[in-house]
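Assembling the complex is the task here: the two chains are given apart, and the hints tell you how they should meet.
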Amino acid sequence: MLRKIFLPTIMVILAYGFWISPDFKEISAGVAIFLFGMLSLEEGFKAFSGGILEKILQKSTDKLYKSISFGFVATAIMQSSSLVSVLTISFIGAGLIGLTQGIGIILGANIGTTTGAWLMAGFGLKVKISAYAMPMLIFGVILVFQKSKKLKGIGYILTGLGFLFLGIHYMKEGFEAFKATVDLSSFAVDGFKGLMIFIGIGILATIIMQSSHATIVLILAALAAGQISYENALALTIGANIGTTITAIIGSLSSNIDGKRLAGAHFIFNVVTAVIAVLLMNQIIYSVDIISDFFGIASDNHTLKLAVFDSLFKIMGVIIFIPFVDKLVNFLKSTLKEHGKKSEKSFDSAKYLNDSVLELPETAMAAITRETKHLYDNAFEIIAHGLNLKRHNIISSKDLDEVTHEPYSQSAIDIDDFYNRKIKGIYGEIIDFSTKAQSQMPPEYIVVLYNLKLANRDIVEAVKDTEHLQKNLIKYSTSSNEHIRGQYNAIRRDLADLLRSINIIGTTDEEDVIMVLLSKAKLHTERYDIIANGTLDNLIRNNLISNEMAISLMNDSNYAYGISKNLIAMAEIIFTDRSSEAESLSEEMAMTNSDIDSILKKGDK
Amino acid sequence: MDIKKFIKSVKSTLGLKGFNQEGKKKSLKELLKKLNRRKKSVTELLKTSLDEKEEKELKEELEIVSLQIKKGKKILYKLYAKK
Chain A
1 MLRKIFLPTI MVILAYGFWI SPDFKEISAG VAIFLFGMLS LEEGFKAFSG GILEKILQKS
61 TDKLYKSISF GFVATAIMQS SSLVSVLTIS FIGAGLIGLT QGIGIILGAN IGTTTGAWLM
121 AGFGLKVKIS AYAMPMLIFG VILVFQKSKK LKGIGYILTG LGFLFLGIHY MKEGFEAFKA
181 TVDLSSFAVD GFKGLMIFIG IGILATIIMQ SSHATIVLIL AALAAGQISY ENALALTIGA
241 NIGTTITAII GSLSSNIDGK RLAGAHFIFN VVTAVIAVLL MNQIIYSVDI ISDFFGIASD
301 NHTLKLAVFD SLFKIMGVII FIPFVDKLVN FLKSTLKEHG KKSEKSFDSA KYLNDSVLEL
361 PETAMAAITR ETKHLYDNAF EIIAHGLNLK RHNIISSKDL DEVTHEPYSQ SAIDIDDFYN
421 RKIKGIYGEI IDFSTKAQSQ MPPEYIVVLY NLKLANRDIV EAVKDTEHLQ KNLIKYSTSS
481 NEHIRGQYNA IRRDLADLLR SINIIGTTDE EDVIMVLLSK AKLHTERYDI IANGTLDNLI
541 RNNLISNEMA ISLMNDSNYA YGISKNLIAM AEIIFTDRSS EAESLSEEMA MTNSDIDSIL
601 KKGDK
Chain B
1001 MDIKKFIKSV KSTLGLKGFN QEGKKKSLKE LLKKLNRRKK SVTELLKTSL DEKEEKELKE
1061 ELEIVSLQIK KGKKILYKLY AKK
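Which chain is which? The protein sequence lines are A and B, in order. Per my numbering, the very first residue in the first sequence carries number 1; after that it's consecutive. Per my numbering, the very first residue in the second sequence carries number 1001; after that it's consecutive.
Okay, chain B solo, but in the shape it has when bound (with noise of 0.2 Å):
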């Protein structure tokens, strides 16, 4: 056997087999809690009275936040569909 395979079947008598994937797992699904975390508190600040360059600096940071939090969402089912 050689080297390549022995580690191989080591990892999956450990159970080790998708440990980068389940690290990359964990810290996206973190990544998201704090963007959702940030878009909630945006979206709060946006239902107050803001001027208008205030307002238009928070509808885009929420632009940018939807579309992180969309494209993480995005990675996460490919990591689940790959399992």
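Same shape as in the complex, but just chain A (with noise of 0.2 Å):
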């Protein structure tokens, strides 16, 4: 309701103003032209985000301090903290750092932001940088319509910073206009009442402008004309540090529960800082005059002066957070959780799939390949169960053939209702996903994210065939017939085997290791095929068991066939290095069916 009003009245007071006053016009023109350069700078940025950006975060977040210096950089290289808190707020969803990097990051980005100021107060009043604008923009333009991304991704930042120079220049104009008509210092309040009053414009005008950089900068444009006192100055820069968590809140929404988190961590730096700089308001102008005198800025010279001040206010808020970190990510953990705690019999549902993740095709992968993973995970736990067999068993070190004469459970666990609850559900999320975030994806990532879906389903299909394999299994692995009892305690412990190797191949490092236990896996799947090996006949000349029992036996050996090559061949996608030449030589090394072939030959004879 509230949103519905709002727009149309913004809209109508705007147009209010250009019919009074021509002069406001330019400025808001000059604001409009601003936010329009930052999102043409962040189109342009993410065009070259695609590989650095992630590989610089992944190296460099490991440690607070550095994630600290990351968000600085990158957000004094975008000149856009906004760009950065959304983008941390994608990796956190994707599930590529966590909450204290995401926080480091976010306290870096906040020092980060203090860099415009300080471009605007020395250099942007200072020299007309309108002449610059011009050529940026036709350059700019040019190389926005050429066909290569890294072009079109200059192009846009080109553009993006000739239209924020140029948005400077009519903000400049607009109020050196504006002052020959209108003295807007008249409206200045002084004492604690005037520095509320600014700090709540502040925090509007960057609600309203989605940017505490644009905010900044019209604060500075504004005091450079003399239309609004030094102390005002100070408290709408408070305001516009308060205002800027709203983009973050925003962007938080569509994401996962620490993207809410790393929001809210963001909220509440920014709203402690500001609440430290009032209560400290005197000492701290005391300390800019200091500061200022020591670099030899005028003491009239108030815009720099407002740049120092942004500077060592948000300086000291990082300082002052620095020690609390892990104390905030804990009482954040504490207070915003996910909602409904699964219990056993619930409906398991996507953890890594939110549209904040959509931002970047490197972190929209990133969160399906995880995502397959879960669906692994909860695919292991129902194959587990089909066989009869307990998990953690499975992945401990023990002898396979103890762990399945070990008994488990007499009854047989209804697969199709865990498959409703843990795997339907999370397959879909994952195959809808993945289509939205195909339509986004450059054309290199398409083959990738085919094999994820072909990952996703052979996980489903293994499950499947567990479904079918579990009525015989739970039959014959009890059967007083020795024979039948031994083929399918083998099939069980064959795929208990399988299971136990996937789950090495997906927590070692060692090249070595996968390869050669996926060599194996592939070996040991042509064990099912009872019919070319003899097993079947060998069983049913002798009369060793009957025939219902052949053809079970038949059948369920082609279900554990199944299950094994879907298993593999998803383990080959998701576990396997999937980047640069590691890639191709996994696939080169690939063991091929001739190799299978002269392997079990050789052991034949």
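If you are wondering where the hints come from, they were derived from the structure by calculation, not from laboratory data. Glycine included, every Cβ here is placed at the ideal spot set by N, Cα and C. Each hint should be verified, as a subset may be incorrect.
Stated by the list, open to error - Pairs of lysine-lysine residues, derived as DSSO-like cross-links and limited to a Cα-Cα distance of at most 27 Å, are as follows:
#1 B/Lys-1073 to A/Lys-602
#2 B/Lys-1053 to A/Lys-565
#3 B/Lys-1034 to B/Lys-1024
As the list claims (entries may be wrong) - Selected chain A positions facing chain B (Cβ under 8 Å, derived; list incomplete):
#4 Ile-138
#5 Lys-520
#6 Glu-587
#7 Glu-588
Quick look at the structure:
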């Protein structure tokens, strides 16, 4: 309801303002162009973020100081804390980084935004930057129309910078002209009341513009034109710092719980910093004067002093918060909890798929891979139950013959019920999400995505085959006929062996281990071909099993073969290194059917 | 000069032409080292007294590792031949 009224009200106020004041129109146009420039700049950086940003992010966020430095550098380069926070939420959503690293990046991004104030105060107001804007726009637009992704990215960055400069120019001009007709400084309010009013205006302006950067530039332009007092400008800056948290909060709405916690951390950090700044206002102003004197900034150069203030209070906030980051993480984890903790009987749903990871193809891909692993984890549980084995026994180092002989449950578990609760929903979500992600992905990612979809299908088919296998497995693994019992227990042991191997493959980094285990698994799968290896023939000819048993064994060996084939294919996709040269190596060195035949023949001799 | 030609000339100037292949060669050599170590340890184990099942499993592993080494060497040879 509020949203429905909010937008038209703003539009009406702006239209009225344009009607009564052409200068106000010029300032607003400046803000609009500036914001458009930021959007363009974000678009440009996104073109380059594929790969580089992710690699740097993953390597440079293992320690808090590294996360803070990364946040600072990324924001200083991109000149947008909003982009950095939205990307951070997206990385958290995909499970690529944890909440502590995310908070570190946000702290660094807060300091990084101060570079914008320095650029504007030190350069933007003194040099006629609009002179640079036009060539940038022209070159930028030409490059935007190029086919190459990189050139397009450069084009968007140039266009973005051009619009930023042009926006600053219009804001500056607007305030200069405005000064001649209306004196805003006459509305300046002194004391604590003025501080609160202007903090409120700062918050509101930033919420409307969705950019603290734009608000600070606007404040500096107004301050340079003498339209607001220095004290009011300081209050507006504090307000802008609170208002900027709204972007992250909006971005986190479509994210997972950690994304929401990060937005919460951002809000808490900025509000607490603002409260401290208000409480210590006089001391901070005094410190700003000392620092300004030290750097030779004139006492009446309020724009540069505002940049000093902006930096000082944000750095101060970060320093105060660093010792409490872990406590903040614990607090957020205990306050913001996932809805409805799942009970044993509840329906499982996707953990990593949320719209925030669609920001980048890499994060979308990472989220789908993790979700596929989650699906496999559930499938592992179902297959283990289906084989009437304990999961922890399979992944232990116990002898598998012992494990298969250990009684677990006398009755068969309802695999169909498990499938409906733990597989069907997640599988559906993965396919649905992949389709959504695919529409936003460049062609080079489509093949990888297709393989991931195949891996998901393999998992589902393995579960379905387990369901078919289960009935006779329970019946014959305890049969009084030792021959059929032996055959079914061999199937159970071999499948348990495969699950154990896949578990090792999924947890090791040693390529030789992965390669040997996958090869062994492929080789062992051929054991299920009981017609070819003569097992069935031998059992029938010697009247060791009945006809009914023979048919069941033949069908069930086929199901076991299907489960093995599907799980091996899945493991090759999700557990082998899919990056760069390692991927092509594992493909080239994978065992072929003729390799398997030759090893089997040697074994028979 | 179009962008592809430009990148190509920069790569050859900086000696980055076979950059990907170099990476692949390095990974392969590392993998072969590990596989050879494994082969050696399996061969050593086979010399000790083992039960039938263990011996069969180790022989199978030896076959697999030998095959992988053979394949790896073949790929490495091709990579050097390309150079």
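Quick rundown of the hints versus the structure:
About 22 Å separates the Cα atoms of B/Lys-1073 and A/Lys-602, which keeps this hinted pair within 27 Å; it holds. Taking the CA atoms of B/Lys-1053 and A/Lys-565, the gap is about 24 Å. The hint holds against a cut of 27 Å. A hinted pair counts as satisfied when its Cα atoms are at most 27 Å apart, and B/Lys-1034 with B/Lys-1024 qualifies at roughly 15 Å. Given the 8 Å rule on beta carbons, the hint for A/Ile-138 is violated: about 19 Å separates it from the nearest Cβ of chain B.
Satisfaction of the interface hint for A/Lys-520 is found here, the shortest Cβ-Cβ separation to chain B being roughly 6 Å, below the 8 Å cut-off. Hint on A/Glu-587 is violated. Least Cβ distance to chain B is approximately 11 Å, over the 8 Å limit. Taking 8 Å as the C-beta cut-off, the interface hint given for A/Glu-588 holds, the closest approach to chain B being about 6 Å.
Hint compliance for this structure: hints 4, 6 are not met, and every other hint is.
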